[in-house]
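Residue numbering for the sequence shown follows our numbering, starting at 437 and increasing by one per position.
Nothing false has been slipped in among the hints.
Dumping the calculated SDA-like pairs for lysine to any residue here, alpha-carbon to alpha-carbon at most 20 Å:
1. K502 to R489
2. K472 to D535
3. K502 to P465
4. K525 to S475
It should be emphasised that the hints constitute simulated quantities derived from the structure, not laboratory data.
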Amino acid sequence: YNTMRMWQGVSAYSDYEGIVSPAYTILKPVADIDAKYFSYLFKLPETVFLFYRFSQGLVDDTRNLKYENFKKITVRYPSDRREQTAIAKVLSTADREIDLLRQDIDQEKQKKKALMQLLLTGIVRVTPCH
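Turn these sequences into a full structure, and let the hints guide you.
Right under this line is the structure:
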């Protein structure tokens with residue numbers, strides 16, 4: 437998570453290993469925790485509010501959530517990892533569907549724009565139906 441922006445809900449899940457900026461804190465789950473589930477949990481407004489409350493700083497631009505404070509935060513979650521995984525899969529599937537629908541909307545907007553250009557330039561004429 438981004439220590440300077442966690443209070444704004446800025447965190448992400450990643451399967452990649454590599455070098456990361458010191459501005460980020462890397463969390464590795466223990467055995468009975470589904471990391472993908474927690475990536476969704478960390479986006480909930482109630483959880484983000486907890487991140488805000490445990491962040492330090494005089495004004496919002498200087499707030500940061502150090503790990504020492506992060507580890508004090510308690511949240512409720514299903515104790516069964518299989519349930520966490522099932523929930524994360526449902527949410528991931530919904531995210532993919534939403535992304536596909538957004539792509540469809542963007543394509544339809546492009547088609548509309550192209551048709552409007554053809555109509556406005558007179559390349560295509562509309563004839564009234566009687």
